Each structure stands twice: as structure tokens, then as C-alpha cells.
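*Asks:* Here are the chains, one letter per residue:
There are 2 protein chains.
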Amino acid sequence: MDTLAQKTLSKATPTESALRALKMAAYAKRQVSVDCLDSRSPSFRCLRADRRGCDRSLRLESRMLSRALRKSLSYGNPIVAGFTGSYCSRLYFHQTAVSKVASQAEGGFKPGKVAVVTKTTRYEFEQQRYRYAGLSEEDLKQLLALKGSSYSGLLERHNIHTSNVGQIVESLQKEGIEVRTVKRGEYDEDTVQWADAIISAGGDGTMLLVASKVYDKNKPVLGVNTDPERSEGHLCLPVHYTHAFSEALQKLRKGEFRWQWRQRIRMYLEGTGINPTPVDLHELQLSLEQHSKAHRITTETQSSTTHNNPERPHLLPVRGLNEIFIGESLSSRASYYEISIDDGPWEKQKSSGLSICTGTGSKAWSYNINKLVEQAVEDVLRIGKLKTGLDVPLNQEFIESVTETYNESLIFGPEEDKLFFSVREPIVNRVFSNSRQRGFAKKVCVRSRCWDACMVVDGGTSFEFNDGAIATISLNEEDLLRTVILD
Amino acid sequence: MDTLAQKTLSKATPTESALRALKMAAYAKRQVSVDCLDSRSPSFRCLRADRRGCDRSLRLESRMLSRALRKSLSYGNPIVAGFTGSYCSRLYFHQTAVSKVASQAEGGFKPGKVAVVTKTTRYEFEQQRYRYAGLSEEDLKQLLALKGSSYSGLLERHNIHTSNVGQIVESLQKEGIEVRTVKRGEYDEDTVQWADAIISAGGDGTMLLVASKVYDKNKPVLGVNTDPERSEGHLCLPVHYTHAFSEALQKLRKGEFRWQWRQRIRMYLEGTGINPTPVDLHELQLSLEQHSKAHRITTETQSSTTHNNPERPHLLPVRGLNEIFIGESLSSRASYYEISIDDGPWEKQKSSGLSICTGTGSKAWSYNINKLVEQAVEDVLRIGKLKTGLDVPLNQEFIESVTETYNESLIFGPEEDKLFFSVREPIVNRVFSNSRQRGFAKKVCVRSRCWDACMVVDGGTSFEFNDGAIATISLNEEDLLRTVILD
Numbered sequence: 380m381d382t383l384a385q386k387t388l389s390k391a392t393p394t395e396s397a398l399r400a401l402k403m404a405a406y407a408k409r410q411v412s413v414d415c416l417d418s419r420s421p422s423f424r425c426l427r428a429d430r431r432g433c434d435r436s437l438r439l440e441s442r443m444l445s446r447a448l449r450k451s452l453s454y455g456n457p458i459v460a461g462f463t464g465s466y467c468s469r470l471y472f473h474q475t476a477v478s479k480v481a482s483q484a485e486g487g488f489k490p491g492k493v494a495v496v497t498k499t500t501r502y503e504f505e506q507q508r509y510r511y512a513g514l515s516e517e518d519l520k521q522l523l524a525l526k527g528s529s530y531s532g533l534l535e536r537h538n539i540h541t542s543n544v545g546q547i548v549e550s551l552q553k554e555g556i557e558v559r560t561v562k563r564g565e566y567d568e569d570t571v572q573w574a575d576a577i578i579s580a581g582g583d584g585t586m587l588l589v590a591s592k593v594y595d596k597n598k599p600v601l602g603v604n605t606d607p608e609r610s611e612g613h614l615c616l617p618v619h620y621t622h623a624f625s626e627a628l629q630k631l632r633k634g635e636f637r638w639q640w641r642q643r644i645r646m647y648l649e650g651t652g653i654n655p656t657p658v659d660l661h662e663l664q665l666s667l668e669q670h671s672k673a674h675r676i677t678t679e680t681q682s683s684t685t686h687n688n689p690e691r692p693h694l695l696p697v698r699g700l701n702e703i704f705i706g707e708s709l710s711s712r713a714s715y716y717e718i719s720i721d722d723g724p725w726e727k728q729k730s731s732g733l734s735i736c737t738g739t740g741s742k743a744w745s746y747n748i749n750k751l752v753e754q755a756v757e758d759v760l761r762i763g764k765l766k767t768g769l770d771v772p773l774n775q776e777f778i779e780s781v782t783e784t785y786n787e788s789l790i791f792g793p794e795e796d797k798l799f800f801s802v803r804e805p806i807v808n809r810v811f812s813n814s815r816q817r818g819f820a821k822k823v824c825v826r827s828r829c830w831d832a833c834m835v836v837d838g839g840t841s842f843e844f845n846d847g848a849i850a851t852i853s854l855n856e857e858d859l860l861r862t863v864i865l866d
Numbered sequence: 380m381d382t383l384a385q386k387t388l389s390k391a392t393p394t395e396s397a398l399r400a401l402k403m404a405a406y407a408k409r410q411v412s413v414d415c416l417d418s419r420s421p422s423f424r425c426l427r428a429d430r431r432g433c434d435r436s437l438r439l440e441s442r443m444l445s446r447a448l449r450k451s452l453s454y455g456n457p458i459v460a461g462f463t464g465s466y467c468s469r470l471y472f473h474q475t476a477v478s479k480v481a482s483q484a485e486g487g488f489k490p491g492k493v494a495v496v497t498k499t500t501r502y503e504f505e506q507q508r509y510r511y512a513g514l515s516e517e518d519l520k521q522l523l524a525l526k527g528s529s530y531s532g533l534l535e536r537h538n539i540h541t542s543n544v545g546q547i548v549e550s551l552q553k554e555g556i557e558v559r560t561v562k563r564g565e566y567d568e569d570t571v572q573w574a575d576a577i578i579s580a581g582g583d584g585t586m587l588l589v590a591s592k593v594y595d596k597n598k599p600v601l602g603v604n605t606d607p608e609r610s611e612g613h614l615c616l617p618v619h620y621t622h623a624f625s626e627a628l629q630k631l632r633k634g635e636f637r638w639q640w641r642q643r644i645r646m647y648l649e650g651t652g653i654n655p656t657p658v659d660l661h662e663l664q665l666s667l668e669q670h671s672k673a674h675r676i677t678t679e680t681q682s683s684t685t686h687n688n689p690e691r692p693h694l695l696p697v698r699g700l701n702e703i704f705i706g707e708s709l710s711s712r713a714s715y716y717e718i719s720i721d722d723g724p725w726e727k728q729k730s731s732g733l734s735i736c737t738g739t740g741s742k743a744w745s746y747n748i749n750k751l752v753e754q755a756v757e758d759v760l761r762i763g764k765l766k767t768g769l770d771v772p773l774n775q776e777f778i779e780s781v782t783e784t785y786n787e788s789l790i791f792g793p794e795e796d797k798l799f800f801s802v803r804e805p806i807v808n809r810v811f812s813n814s815r816q817r818g819f820a821k822k823v824c825v826r827s828r829c830w831d832a833c834m835v836v837d838g839g840t841s842f843e844f845n846d847g848a849i850a851t852i853s854l855n856e857e858d859l860l861r862t863v864i865l866d
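Protein chains in written order, with this note's numbering: chain A, 380 to 866; chain B, 380 to 866.
Simulated from the structure, these hints should not be mistaken for lab results. From a predicted model like this one, the values you see are computed outputs, not experimental measurements. The reader is advised that the hints may include incorrect statements.
Pair by pair, the computed Cβ-Cβ distance ranges are [unchecked claim]:
{"#": "1", "chain 1": "B", "residue 1": "Tyr647", "chain 2": "A", "residue 2": "Asp659", "range": "36 to 46 angstroms"}
{"#": "2", "chain 1": "A", "residue 1": "Lys821", "chain 2": "B", "residue 2": "Pro724", "range": "46 to 56 angstroms"}
{"#": "3", "chain 1": "A", "residue 1": "Lys822", "chain 2": "B", "residue 2": "Ser812", "range": "47 to 57 angstroms"}
{"#": "4", "chain 1": "B", "residue 1": "Ile864", "chain 2": "A", "residue 2": "Leu534", "range": "53 to 63 angstroms"}
Where is the CB? At the ideal position from N, CA and C, for every residue including glycine.
From just these sequences and the hints, can you work out the full model?
*Replies:* Structure follows, in C-alpha cells:
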């Protein structure tokens with residue numbers, strides 16, 4: 380495979396559109412390939428029902444090729460689309476599919492009014508906490524030192540963030556755009572209504588918050604990572620735009636970007652004792668106690684509404700951009716529930732919880748639940764080597780390579796019309812079964828058998844989900860989130 | 380390897396003691412072999428520092444042989460100890476080590492006073508819950524049906540448990556033993572003081588509770604699984620004794636059993652804002668709210684004590700038989716902490732929590748955190764096959780075999796003087812590192828950087844563990860729990 384990649388790398392310079400076509404193809408390949416590791420996925424079944432093993436290898440090969448391509452693309456090497464045979468046909472098939480959802484902007488984008496939603500830095504947070512307790516700045520310094528934290532470190536990160544926000548606002552105003560800066564605590568539906576576009580100035584958490592109040596699939600949301608050294612920023616623009624935001628604005632103006640519609644999860648809730656009112660985990664920085672208290676208060680205020688319509692499933696007032704996590708609120712308690720995939724049979728399960736994610740979320744919590752560490756991969760290969768007597772390499776480089784390929788296969792595209800469910804630490808014994816630890820689905824139904832559980836959306840909004848409640852989790856075109864791809 | 384196993388299987392009948400020696404050797408082998416998959420483990424380093432790869436294979440082979448042996452032993456086949464060469468020397472070495480901790484009883488064991496601690500069945504639990512709410516039995520039936528539960532099913536399990544407890548008590552009384560039956564809610568230190576031995580009549584949870592109040596390493600604890608169809612009973616006697624408890628008593632009387640001293644974990648707590656008073660999770664069936672409330676109450680009552688001795692680490696008044704779990708109480712929140720293994724350098728980590736277990740606990744939560752499902756093993760092997768071009772088998776049988784071997788290697792002996800730590804869903808990025816996802820250690824220190832976290836012992840007792848608290852986790856000979864091995 381690598382030889383083929385090398386050959387294609389050495390050919391003549393393509394035009395920009397050809398390069399873009401290649402990037403989309405490589406991206407499309409990733410969309411094809413990830414299916415291959417789950418033979419039960421609908422698309423896999425449709426395409427190659429009878430030649431499983433062979434095709435899985437083929438697709439994995441195509442995946443590794445696309446990775447090699449993407450790597451070279453990111454290093455700026457010119458490549459010619461010299462593909463042959465079956466790759467081509469799949470390429471074109473998916474290229475068409477992709478172009479429907481990630482499209483080149485028609486003309487530029489220049490919003491008149493932009494809301495900039497800023498995160499709360501750790502410094503601000505600690506300050507608020509201790510001021511509330513009546514302590515001075517000096518006291519704060521000492522307390523932090525006692526705990527092993529650095530006051531000056533926190534202040535530095537705070538200043539970096541604030542300075543970056545300042546640059547963003549300045550760049551926007553220079554373009555003649557009306558700017559409204561709101562702290563995350565002040566961000567509400569009115570802000571969304573007012574703005575033509577919304578910028579999240581913080582990390583991924585801020586981006587999730589910003590997205591959570593946007594229901595209009597035509598309202599663009601952009602994320603800028605205001606502290607790249609401390610935050611991953613998967614959902615944010617590439618890091619260099621943090622210090623060069625005016626460059627990003629120019630590209631937007633000229634149309635040198637693509638729209639990306641990210642799928643989001645919706646949830647219907649029905650059954651006994653349900654409570655469709657969300658509890659915001661971040662906003663209030665709730666402890667466990669406050670968390671359950673908040674749930675209880677909302678139950679009491681909502682009880683009349685629930686009783687009036689006992690049969691109709693409630694559509695919950697949030698959308699998951701990353702994932703839904705279902706499980707006992709107390710981290711050390713095992714979760715009991717029943718699960719049905721794509722209207723299949725119900726299965727009783729006991730585990731540490733259930734994660735259902737989108738393509739966007741496949742890089743987040745779900746990724747961490749399912750990824751393998753090199754130690755584990757090495758051990759599997761070692762055992763395989765022992766049992767077969769084959770000369771399987773066990774050097775560091777090979778282990779890293781296999782681990783990387785495995786983990787990358789967990790990721791799929793944000794526009795993909797499918798959910799990925801994974802059971803966290805499934806407990807399989809005489810009593811509980813687990814036919815599939817993970818897989819793709821269009822729809823997942825869960826019936827709670829839990830004691831004190833919740834359904835958590837994007838790690839930020841929580842719904843009570845106790846014994847007798849039934850959740851139906853799915854995707855809907857209406858819930859798409861409009862974001863930007865800037866290279 | 381299988382050929383050698385086969386050859387040894389076909390030889391003449393050994394005496395009982397030889398058979399026992401073989402069993403202990405096979406068990407000892409398991410103790411050797413599990414090290415081999417962690418090259419950083421101290422014992423591995425000492426034994427074979429310079430011939431890593433070769434010996435890991437050798438040890439894995441010995442492990443597979445011992446498994447084959449154990450399987451045949453359990454089917455009652457006679458085996459002769461026909462081992463050769465290096466296996467023998469390791470066998471003898473470990474046989475000596477093992478015999479120090481799992482020893483044949485010298486004469487019989489016939490306690491004069493036995494306390495039988497019984498679990499609360501789900502039926503009793505639901506009854507209490509609804510009676511408290513002022514509902515009748517009929518109301519209970521209907522409510523359960525609404526939730527999709529079966530009243531008659533719960534009652535049936537309750538009756539099975541009660542009947543088995545009855546048999547146990549009867550068998551004891553027939554032997555002239557004085558019996559005190561206590562519900563788990565009534566079980567206390569006085570009961571432990573009074574009894575010569577304690578029997579747990581329930582599942583593993585009840586056994587953990589029973590053990591939690593025993594500090595005397597000479598006081599035997601036995602577990603009887605009173606509902607084998609619904610409960611795994613890892614910590615309990617083999618299932619056939621549930622319906623034939625008098626047989627178990629006879630063997631005990633005659634000395635036809637072995638003592639087993641199980642290692643237990645102790646924790647020291649120090650640092651800022653610590654709270655050394657435990658909160659019992661099971662007893663009160665706490666919701667999150669009550670959990671944190673309980674922590675808060677204990678903080679208020681204990682605050683004076685903490686201030687008097689700010690420097691001295693507190694030895695917590697519990698011992699972990701299975702494991703200690705450290706992490707945010709709220710299951711959807713990421714945990715931040717620093718960890719130091721065996722007085723090594725501190726490492727900042729972000730994850731879903733940290734598990735530290737004993738050999739006993741290596742079959743429990745830790746097992747579920749670390750085990751691999753066949754789906755994952757198949758994918759790793761498939762990727763390995765693709766990258767090497769080797770003819771790695773990918774049929775169901777082979778995948779199952781590799782998965783089984785991998786998962787079994789996570790288990791180690793209850794008497795082994797070592798802890799096994801594993802980081803659950805480590806988050807590795809530009810900001811957080813994770814040099815080792817898991818491994819063996821004698822001592823683990825953790826400094827909390829959490830918001831609302833706890834240290835949970837055996838899933839039943841919880842200690843606050845917030846930002847600034849430091850825990851030192853280790854094993855101590857004084858904390859051993861005396862249990863029984865009955866075949």
C-alpha cells in the first residue's frame with residue numbers, strides 16, 4: 380500500500396479543484412472504511428454481503444491509503460488522483476454523497492451581527508468561588524498554593540484567553556460587523572435570535588454550549604480556540620486562526636471555505652416517572668447533591684404537565700452535538716437497563732453506562748471509551764503470535780501503527796446519518812448478556828432499570844432517567860448544525 | 380504446547396496430595412504468568428530483565444499449559460506431574476510461595492458460634508420503599524407492572540433466597556453450632572466480636588459488606604450464594620454447596636479444605652479539606668443528592684478533628700477487598716488528578732477515573748474496565764494481518780481463544796502482595812499525558828484535582844476526595860481476610 384501512495388505522491392501538481400476533490404475523496408474514504416470494521420452496519424451489508432473478509436481487508440487498505448494521502452496533503456505535497464479500479468467507483472459514489480452535505484460556499488459570508496460567547500476561565504471561576512466565601516485575592520493565592528495549584532499560572536491562562544477574545548472582537552468590528560460579547564452565563568435564545576452568526580470563544584465545552592441553544596439549521600456557528608495550549612479544540616477552527624482571526628474573516632468574506640452540517644441527536648422520553656426538564660450541569664457547576672436536588676425540583680414543578688399527557692412521548696428541548704450518555708449518576712454504581720437497536724429485540728444489560736454519539740462525538744467521549752492503548756494491542760498481538768507461531772512483529776513502531784489504525788477507525792464524519800452506540804464496561808455473566816458491545820444504528824431505544832440515573836447530553840445537560848423511563852434516540856435532518864470548514 | 384499437555388494427561392493416577400500439588404502449581408503458574416504481560420512489573424524485571432520477548436512468550440506458554448491442565452483437572456482427569464526443565468524450577472519456587480498463604484487446614488474447623496448475615500432481596504427492598512410511601516401490596520404489584528417489572532418474579536427470587544438461608548441455619552444448628560441470623564442492616568462490630576466465624580448469605584455484595592467489618596485476620600468469613608441463578612458469587616463457595624450446606628460443614632469439620640488469606644487495601648488520607656468519615660452507599664441506597672449531603676454532614680461534624688491534626692495522614696477505617704475507585708462522583712464528569720506509582724514522579728492525568736484492585740478484585744470491576752470484547756480483538760488482528768500480509772486466522776474460534784487468553788491474564792491471585800491500577804478511559808492530548816494505562820504496584824499515591832469526587836471502596840463505602848486531598852493506597856499484612864477454599 381505504501382508503495383502505491385509513494386508513486387502517486389511523485390506525480391505532477393494538480394489544480395486547486397483537483398486537490399480539493401482529492402481531499403474530499405480521502406475524507407470520503409474515511410467514511411467508507413469505518414463501516415468495514417462493523418460487519419453488521421447496514422451500508423456494509425448492502426454493499427458486500429457475501430464477501431466479508433476480503434472486503435474488510437480491501438476497505439482497511441483503502442483507509443490506510445487515504446491516511447497516507449491525508450498526511451502528505453497536510454505536508455503540502457502535490458498529488459494526482461491516480462486511483463484505479465474499485466477504489467474509483469467507491470470514491471465517486473461517496474464523493475457525491477459528501478458534496479451534498481459539505482459544500483463550497485456560494486459567494487462570501489459576511490454577517491451583519493455576530494454574538495461572541497466567551498468561556499469562564501478557571502481563574503474567574505476560582506475568583507468567584509472564593510469571593511463568594513468572602514476571601515481576598517491574597518487569600519485566594521494562598522489557598523491555591525496549599526492545594527498545589529498556581530495562582531500566577533491561572534492568571535496567565537486567563538490573560539491569554541482575554542487577549543484572544545479582544546483580537547476576535549476587534550477583527551469583527553474592523554469589518555464593520557456589529558458585535559455583542561456575552562459571557563456563557565448570559566447566553567440565551569434572545570442572543571441566538573439577534574445574531575446572524577455566533578462565535579464561540581473558548582474551548583470545546585463553550586462550543587457545545589453555544590450549539591445547544593441553536594435550533595435553526597441555517598444559523599452558522601463558529602468556534603475559536605482561545606487557549607490552544609490548554610484546550611484540544613476539536614470543534615474549533617484550526618489553531619492558527621486564534622491569532623489571525625482577521626484572516627479567517629477574509630476567507631469567509633471571499634467564500635474560501637465550506638459549509639458543514641453536523642448531525643445532532645434528538646431524544647424522546649416516555650414511561651413512568653419521567654421528568655423532561657433539563658438540568659444544566661456546567662452553568663451551576665453542580666455537585667452531586669445539587670444535581671439531584673435540581674432534578675427533584677423540576678419534577679415537582681413539572682408533575683402536572685406530565686400527568687396530563689401520560690402517553691405521548693416528550694421531545695426533549697435539547698440536541699446532542701457530541702453524544703448522549705445514559706447511566707447511573709453515581710459513578711461507582713452499575714447501570715441496569717434494556718436496549719433495543721433499530722427496533723430489534725430488547726436485551727437486558729448491566730454495565731457502566733451507554734454512550735450514543737454522532738460523527739462529531741466519535742472524537743470525544745466515545746473515542747475514549749473505545750480506544751485501545753498500545754499495551755493492550757501489544758498483548759493481543761503477542762497472544763496471537765504465540766498461538767499461531769507466525770512471525771508477527773512486536774516492535775514499538777508496529778504496535779504504534781496498529782494502535783493508531785485501530786483508534787482512527789472509531790472516528791466517522793460529522794455529517795454521517797448514523798449513530799454509534801457503545802456499552803461501557805459490559806458485564807456479561809450467567810445473568811446478563813451483551814450481543815454487541817458497539818455498533819452503528821439509526822435508532823436506539825433504552826428502558827431504564829436504574830436507581831438514580833440520568834441521560835447526559837454533551838456532558839452538560841442532564842435529564843432524570845430512572846426505572847421505568849424509556850428513551851428513543853435518533854437523528855433528524857431538522858436538527859443539523861451549520862458550521863464552517865476553514866483550511 | 381497442547382501436545383505436551385495431552386501426553387501428561389494420559390499417564391497414571393496420582394495420589395490426592397500429588398493432585399493438590401499440581402493444582403497449586405497450576406495456580407502458581409497463573410501467578411507467574413500474569414506478570415509477563417506487564418514488562419514493567421517489579422517481579423518480571425527482577426526475574427528476566429534482559430530476555431524480555433523470549434520469556435514473555437515462555438510465560439504465556441506456561442500459562443496456556445496451566446489452563447489446559449486446570450480444565451482437565453476440573454473434568455476430573457488424573458494427571459501426573461511430568462514437567463521438565465525450567466518449568467519445574469519455577470513450579471517449586473512458586474509452590475513454596477503459595478503454600479505460605481493457602482494452606483491445608485490443620486485438623487478440622489468447627490466454630491461454636493456463627494453469625495449468618497443475610498442480604499436484602501429486591502422484593503424486600505421494593506416492599507420497604509412502597510410501604511414507606513403508604514402503598515398496599517396490590518399497589519406495589521401494579522406499580523411494578525407499569526415499570527415493566529414482575530412482582531411474582533421478585534417474590535420467587537425472594538423465596539428462593541429465604542429458603543436457602545433456612546437450610547444454612549438448619550445445617551448449622553444440626554451440628555450443634557449456635558447461630559445468630561442478622562440482616563445486613565443490623566450487622567455490626569458486636570456481631571463480629573461475638574462470632575467465631577461469619578457466613579454471608581447472599582451474593583458478592585453481601586460478602587463485601589461482611590468482610591468490611593472484619594479486621595481480625597484470624598476470623599474466618601465464608602460466603603454462600605443464596606440465589607445462584609441471579610448472582611455470580613465470585614466470592615462465595617462453589618454453587619453446589621448452596622443446596623448442600625451440610626456437606627460443606629462436614630468437610631470443614633474434617634479439615635478437607637484450605638485456608639486462603641486474601642489481601643486487602645488500606646488508604647491514608649491527607650491534604651486540604653479532607654473528610655475521613657465514610658458514607659455507606661448500600662445501607663442507605665443513597666441517591667446522588669443524599670450521597671453528597673451525607674458527605675457534607677460528616678465534614679461539619681468532623682471539622683474540629685481535622686484541624687487538630689492537619690499534618691498526620693489519617694488511616695481510613697475501612698479495607699478494600701475488591702478495589703478502590705477514585706473519580707468524580709458524577710458519572711459524566713471527567714476526573715483530574717495526579718498519580719505517583721511506587722514513589723515515582725507525579726503525572727497529571729485526565730480520565731474517567733482510577734481503579735486500584737487486589738487479586739480478589741481483579742475479577743470484579745477492574746476486570747470489566749480492562750477486558751476486551753471479541754469485536755475489538757478481531758479488529759486488532761485484522762489490522763495486524765493487513766499490515767504484515769501474514770496469514771493470521773480470523774475465524775470465530777481463534778478470536779474467542781485469543782480474547783479468552785487476554786482477559787484471563789487480567790486476573791491474579793487473591794493472596795498476591797500487589798495492587799493492580801488501571802486508568803479508565805485515559806484522555807491523552809497536548810495537555811494530559813498517560814505513560815501507563817495500567818500496571819502492578821506496591822503503592823499508589825493520588826492527589827485530587829477534582830471538583831466533587833470520591834474514593835469508593837468495594838462499591839459500597841465512599842469518602843470525599845476533592846481538590847487538594849492526597850491518598851496513599853497500599854497493602855498491609857495486618858489487613859488480610861481469612862477465607863475458605865472448598866472444592
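*Asks:* For each hint, tell me whether it holds in the structure or not.
*Replies:* We went through each hint and held it up to the structure:
| no. | hint | verdict |
| --- | --- | --- |
| 1 | B/Tyr647 / A/Asp659: 36 to 46 angstroms | holds, 37 angstroms |
| 2 | A/Lys821 / B/Pro724: 46 to 56 angstroms | holds, 48 angstroms |
| 3 | A/Lys822 / B/Ser812: 47 to 57 angstroms | violated, 39 angstroms |
| 4 | B/Ile864 / A/Leu534: 53 to 63 angstroms | holds, 60 angstroms |
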